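Number of protein chains: 6
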Amino acid sequence: MSQTPVVSPRPSGRLPDQMRPVRIERAFTRHAEGSVLICFGETRVLCTASVDNKVPAFLRGKGEGWVTAEYGMLPRSTHTRSDREAARGKQGGRTLEIQRLIGRALRACVDRSALGERTITLDCDVLQADGGTRTAAITGAYVALVDAVNWLRQRGEIKREVVVGAVAAVSAGIYRGQPVLDLDYAEDSDCDTDMNIVMNDGGGFIELQGTAEGHAFRRDELDALLALGEKGARELFAAQNEALGR
Amino acid sequence: MSQTPVVSPRPSGRLPDQMRPVRIERAFTRHAEGSVLICFGETRVLCTASVDNKVPAFLRGKGEGWVTAEYGMLPRSTHTRSDREAARGKQGGRTLEIQRLIGRALRACVDRSALGERTITLDCDVLQADGGTRTAAITGAYVALVDAVNWLRQRGEIKREVVVGAVAAVSAGIYRGQPVLDLDYAEDSDCDTDMNIVMNDGGGFIELQGTAEGHAFRRDELDALLALGEKGARELFAAQNEALGR
Amino acid sequence: MSQTPVVSPRPSGRLPDQMRPVRIERAFTRHAEGSVLICFGETRVLCTASVDNKVPAFLRGKGEGWVTAEYGMLPRSTHTRSDREAARGKQGGRTLEIQRLIGRALRACVDRSALGERTITLDCDVLQADGGTRTAAITGAYVALVDAVNWLRQRGEIKREVVVGAVAAVSAGIYRGQPVLDLDYAEDSDCDTDMNIVMNDGGGFIELQGTAEGHAFRRDELDALLALGEKGARELFAAQNEALGR
Amino acid sequence: MSQTPVVSPRPSGRLPDQMRPVRIERAFTRHAEGSVLICFGETRVLCTASVDNKVPAFLRGKGEGWVTAEYGMLPRSTHTRSDREAARGKQGGRTLEIQRLIGRALRACVDRSALGERTITLDCDVLQADGGTRTAAITGAYVALVDAVNWLRQRGEIKREVVVGAVAAVSAGIYRGQPVLDLDYAEDSDCDTDMNIVMNDGGGFIELQGTAEGHAFRRDELDALLALGEKGARELFAAQNEALGR
Amino acid sequence: MSQTPVVSPRPSGRLPDQMRPVRIERAFTRHAEGSVLICFGETRVLCTASVDNKVPAFLRGKGEGWVTAEYGMLPRSTHTRSDREAARGKQGGRTLEIQRLIGRALRACVDRSALGERTITLDCDVLQADGGTRTAAITGAYVALVDAVNWLRQRGEIKREVVVGAVAAVSAGIYRGQPVLDLDYAEDSDCDTDMNIVMNDGGGFIELQGTAEGHAFRRDELDALLALGEKGARELFAAQNEALGR
Amino acid sequence: MSQTPVVSPRPSGRLPDQMRPVRIERAFTRHAEGSVLICFGETRVLCTASVDNKVPAFLRGKGEGWVTAEYGMLPRSTHTRSDREAARGKQGGRTLEIQRLIGRALRACVDRSALGERTITLDCDVLQADGGTRTAAITGAYVALVDAVNWLRQRGEIKREVVVGAVAAVSAGIYRGQPVLDLDYAEDSDCDTDMNIVMNDGGGFIELQGTAEGHAFRRDELDALLALGEKGARELFAAQNEALGR
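Residue numbers (my numbering), protein chains in the order written: chain D, 1 to 246; chain X, 1 to 246; chain A, 1 to 246; chain R, 1 to 246; chain Y, 1 to 246; chain V, 1 to 246.
This is chain D alone, in the form it adopts within the complex:
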């Protein structure tokens, strides 16, 4: 993959394989068992993890727990104000799609038997949006999840390891012909292909979602995007570990 910013400079001046600065702040609010503010540059998402001693009906009596997610954007997290979904009376398709993705991604690192009959709900609320809110949400929700599980362990409510490995997510895309990592809004709204890559820290893929916004993408472009995603994920695992004091 060519990294020649001279040819096609990114609006932010970043190198093609350069992520935005990542900031992870734990205990951002005080009531939740886990509460993390995560920033990918100007994108800021508040991720809280809430523990409830109940499971959905389809799991009752099976001795297994559940992990689920909800996602929302504050009406003015975006450049122009969006309708409040609570006022419109329903969550849009994009919201449902993202929160389903976050839930699946986090369940991939949880041993639900070890969790026991409890539900952990990950609320990911975007305070400010500048592209990549779903990848920031997954990456931050992981840290909130770990905090919530630690809270349970400190109270003696769980014994075995609940969180197995780590999960992080990042986007990559083809912007003006060049594969780039971690698209911001300026790039996202003007790119040919956008891919969200969810990985675990063993190098495995949890979820891949690639969409050709303009022309279809070729296999070699896909390979370049996957390589960028792997690089980004490694940096995010480091940021998570640092935030968690590991």
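Please keep in mind that the hints were generated in silico from the structure rather than gathered at the bench. Treat the hints with caution; some may be incorrect.
Pairs count within a copy or across copies, as identical chains cannot be separated in the list.
[Unchecked claim] With a cut-off of at most 25 Å between alpha-carbon atoms, the simulated SDA-like pairs for lysine to any residue come out as follows:
1) Lys62 - Ser189
2) Lys90 - Arg104
3) Lys62 - Val164
4) Lys90 - Gly103
5) Lys231 - Arg112
6) Lys54 - His79
7) Lys62 - Ala186
8) Lys231 - Met19
9) Lys231 - Arg218
10) Lys231 - Arg155
11) Lys231 - Val164
12) Lys159 - Ala243
13) Lys159 - Arg246
14) Lys231 - Ala186
15) Lys54 - Gly214
16) Lys54 - Gly93
17) Lys231 - Arg219
18) Lys62 - Gly214
19) Lys54 - Arg94
20) Lys231 - Asp220
21) Lys54 - Thr78
22) Lys159 - Arg60
23) Lys62 - Arg100
24) Lys90 - Ile158
25) Lys159 - Gly214
Keep in mind it's a predicted model, so treat the numbers as computed, not measured.
Starting from the structure of chain D, add chains X, A, R, Y and V where the hints point.
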């Protein structure tokens, strides 16, 4: 009014007429024309003001503007997680009641002819709740409103004064027999009477909402609550002015 | 308070402290345990009390009862037809606000332990609106509540006193500079300040809701409104007692 | 048809072909252009007619008017309290079915070209239910419609005859083996067949809806029900004419 | 009844008392306990019967079963595309009315005690509409119901006869002055009177729904329509029996 | 990739890279401008294309057309009956996600300027589900889209080429450790990784959605799935061409 903390100490150790520390942070997020994080102690509300060059149908062609508000709580802003209103598919009665109150309060300080055919929407989203979210929201939304109007003025879109005076709100209540100012959650959930007082900086009342949660309140108790409210409002006007650099 | 109708005559010709004729008709319909048509002049509200041997989930097993209210306006109770809320698919903010107020007001005179695990639902449906529907609803719902409790007592289902004292509500406002009692629609739609006052027959305040529609109101205006409210409430308690044959 | 009350007395003691007393009270409320309280015995329905100078989108610009209906039951119009449809967030199938029926029935006597581009909405709200609410609603809505059309004529807004003939509705059914006219609740909830018959005063059928609740009905039973319906409709046309002072 | 096609030929060229070709195909899909595609000419409805070992709350513990129906039209089953009801967020009045009719019709041939505490849901989905979808749905749902009951019997879950007799439905109407059987879309959208007739194979009427679209219909016209309906129903019972191999 | 069915036989007995029989039937219903029944084995989806001479608000006046999709499953298309989304009052997250995917996929082969200000809506309704409904829907919707565009061309409404290339979709997954093509329900509900691959006939990727249901997937597994997807897509393009008589 007796101020003898020995007799009935408040859970927080505050004096009966002592407000929680108030913090007002402008430009908290970057997209909105006005964006204010206001904290009344541990209560934190993000208030954004968004300008739209349209008015509701009932005002079209009349040359007047509109100011409206929406209110929401993040699901885990509270001690135990509340349902997300967007997921439930409707806003609850408490939410609607509060956002109607915020809208009326702010319209009381706006010259809608001077605003012209524009709508300013005040989104008040509670990041963390510890009692008094609606009074913090009104007080913070005022600052966001001023910022949005200044943004319009700097672009030359308005000429005359739009914001006339200031508006702030505070609660007072009877806690264990004693009138106290600015109830936090521990007091609010265990008080006899709770009153929300919205004032302007000319000393006039914009809105009074007093509710006897336990026994009915007497006229002398009402007088004591109003005196506390006037004191609190004076302090809030000072905090607003300081935040606005006046 | 000056009572000089010469200076600012009310549209109806009433004196400033004069209520509209109040009429309370019990057993207006036959199925409900309590059924009251209350008229404040041309405002007519049908208040029914329905007994159900269940309580909401949050009260189950606690040995306490519940009192709640619902409010509605027939589509053509108003000057121009309003949308039917059932057809629009949701109750508006004003409706929810009013029915929450009615419920709180009536719970203030009920000993919920004495009621036992039962719910009394007060349905207040406006047949004809001419201002003051919420105050008429509260005043009439009290009578319906008493009838429903008597129905329970006659069947031997309750032993102790359930209704403690009486509750009534009236509005007062500043109309063309003058404090007046019990605003009708012509006054309500053109007044500066509107206050709803809910009292008990011990002279205590249950709820105060005052809103400056035009300019903010001063403390002396507030005092005048409270004095009017106290006078009106006394007359309403007398009307309730007469209707109940006390 | 045998009319031998000795064999199978009706719960009310009526003869098989005897309707309940019908009462029609015009100008029951004051805001609507037509407002009629109609009682079929203990069934009481308030029918208002509201004139609006608009038509639905599918009729715009065609020079024709529209007549439509909405139906509702007050929550405690029934023996046990029913959920308020506005609170549940939707109208039930029975409600929609009835209001569609009322609308069709009344349109059958209206010359929509003569009405011009106006909509008349007939709101039929049941204050007290004892069987036959839909037939009472149709019969009363006709009178409200005539009053609304007269209101338009008195203002000079229409010239030609808008209401052509009269419309009324009545039920008939097989109760304990015997065809009876105008079923009350006690009969309706325990009958084998229930038929609603909408007729015009020329003896024509506008709508027939017959349902076998128990065993299927034979052709001779159907003939008996139709004969009862014709008798009932004649009496209702007389009652309408008397109420209208014709 | 005159059958003179010369006078008023039907758009399809059919004789006045001639039904469209009826086709009934069992086991059209594989998962449902009963699955029938029924065609009345170009009208095609897929009727599935699903068995569930639960009953609605109002029947629990009574030892009786339930039969219910749901109806839908694929968005492009019609000449111009209709909105998808799932996307609009509610079923329209016509849909609710039809599915209530189908449910009542089928319950009329079911011994609910013999069914035991089970629910059979009849889903009637219109793949292609050309008039008469509700009558086709009832006629086809009967066959699907029989198949589902046979499925239960083959598994030994029921002993007694559950389906008592047969049910079928057909429409008749006055088209250009002439009574005709089984209206197709071209006739239905241009007829004076439309009647849906649900019968059992004992010659009894289960449901009659006749509507005057244009002028009111006279008694002799009604008699002609009933005679046509009886003829059509006989043919449909034959088609059902043939499809069921009886 | 090893194709040794001996090692891990698929439930259907298919080879790992063997698709189910694909059947494409055009003109399946008569009203739609394009109407295609597509079967991937036992999965059957009816795809209709409807032309409307309007575009959504965000495109008005821009001279461009729009292509959108809606997806639904008949309640008993599945092994056990699913709730009807129209009756529940909303489309679920899975439905919204799939219909957004179908819409994006088909827009990728459409020149929206050439289409002009028209909307083509692709309704994909699952008559019978056995895994792979979304891939069958995309593949079939393409054929329906081509038919609708040809319908427009035959009427002289469009001149230039609207459909550019072809689009098809297929799934691949890791079933019991082995990469397999075109998962049926038995495999889908028990696989480790499931990937939906949307391609164009130039070999480019339009959309990739891969989800690790069990353990994360490795890069070499991803490569195997992509190879299977490319093989499947080639076969689908051939089937589309054959159906279209190319």
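Hint-by-hint comparison with the structure:
Taking the shortest Cα distances, Lys62 and Ser189 sit within 25 Å of each other only across copies (19 Å), while inside one copy they are farther apart (45 Å). When the C-alpha separation of Lys90 and Arg104 is checked against a cutoff of 25 Å, the pair qualifies both within a copy, at 22 Å, and between copies, at 22 Å. Proximity of Lys62 and Val164 under a CA criterion of 25 Å is satisfied intra-copy only: 20 Å inside one chain copy versus 43 Å between copies. Proximity of Lys90 and Gly103 under a CA criterion of 25 Å is satisfied in both settings, with 19 Å inside one chain copy and 21 Å between copies.
In this assembly of identical chains, the alpha carbons of Lys231 and Arg112 never lie at most 25 Å apart, being 29 Å within a copy and 37 Å across copies at closest. For the homomeric pair Lys54 and His79, the shortest alpha-carbon distance between copies (17 Å) is at most 25 Å, but the shortest distance inside one copy (39 Å) is not. Taking identical chains as interchangeable, the C-alpha atoms of Lys62 and Ala186 lie at most 25 Å apart only when they sit on different chains, with a minimum of 23 Å there against 47 Å within one chain. For a Cα distance limit of 25 Å, the shortest separation of Lys231 from Met19 inside one copy, 9 Å, qualifies, whereas the shortest one across copies, 35 Å, does not.
With identical chains, the CA atoms of Lys231 and Arg218 are at most 25 Å apart both within one copy (20 Å) and between copies (15 Å). Taking the shortest alpha-carbon separations for Lys231 and Arg155, neither the intra-copy value of 37 Å nor the inter-copy value of 44 Å comes in at or below 25 Å. For a Cα distance limit of 25 Å, the shortest separation of Lys231 from Val164 inside one copy, 21 Å, qualifies, whereas the shortest one across copies, 36 Å, does not. For the identical chains of this complex, Lys159 and Ala243 are intra-copy neighbours only, at 23 Å inside a copy versus 49 Å across copies, given an alpha-carbon limit of 25 Å.
Taking the shortest alpha-carbon separations for Lys159 and Arg246, only the intra-copy value of 20 Å comes in at or below 25 Å, while the best inter-copy value is 57 Å. Proximity of Lys231 and Ala186 under a CA criterion of 25 Å is satisfied intra-copy only: 22 Å inside one chain copy versus 36 Å between copies. In this homomeric assembly, Lys54 and Gly214 come within 25 Å of each other (Cα to Cα) only across copies, at 24 Å, whereas the closest approach inside a single copy is 45 Å. Proximity of Lys54 and Gly93 under a CA criterion of 25 Å is satisfied inter-copy only: 22 Å between copies versus 27 Å inside one chain copy.
Taking the shortest Cα distances, Lys231 and Arg219 sit within 25 Å of each other both inside one copy (19 Å) and across copies (14 Å). For a Cα distance limit of 25 Å, the shortest separation of Lys62 from Gly214 across copies, 19 Å, qualifies, whereas the shortest one inside one copy, 46 Å, does not. For the homomeric pair Lys54 and Arg94, the shortest alpha-carbon distance between copies (24 Å) is at most 25 Å, but the shortest distance inside one copy (28 Å) is not. Proximity of Lys231 to Asp220 under the C-alpha cut-off of 25 Å is found in both arrangements, the shortest distances being 17 Å within a copy and 18 Å between copies.
With identical chains, the CA atoms of Lys54 and Thr78 are at most 25 Å apart between copies only, with a shortest distance of 18 Å across copies and 35 Å within one. In this homomeric assembly, Lys159 and Arg60 come within 25 Å of each other (Cα to Cα) only inside a single copy, at 21 Å, whereas the closest approach across copies is 34 Å. When the C-alpha separation of Lys62 and Arg100 is checked against a cutoff of 25 Å, the pair qualifies only within one copy, where the shortest distance is 22 Å, while the shortest distance between copies is 34 Å. Proximity of Lys90 to Ile158 under the C-alpha cut-off of 25 Å is found in neither arrangement, the shortest distances being 36 Å within a copy and 36 Å between copies.
For the homomeric pair Lys159 and Gly214, the shortest alpha-carbon distance between copies (23 Å) is at most 25 Å, but the shortest distance inside one copy (50 Å) is not.
Comparing the model with each numbered hint stated earlier shows that hints 5, 10 and 24 do not hold.
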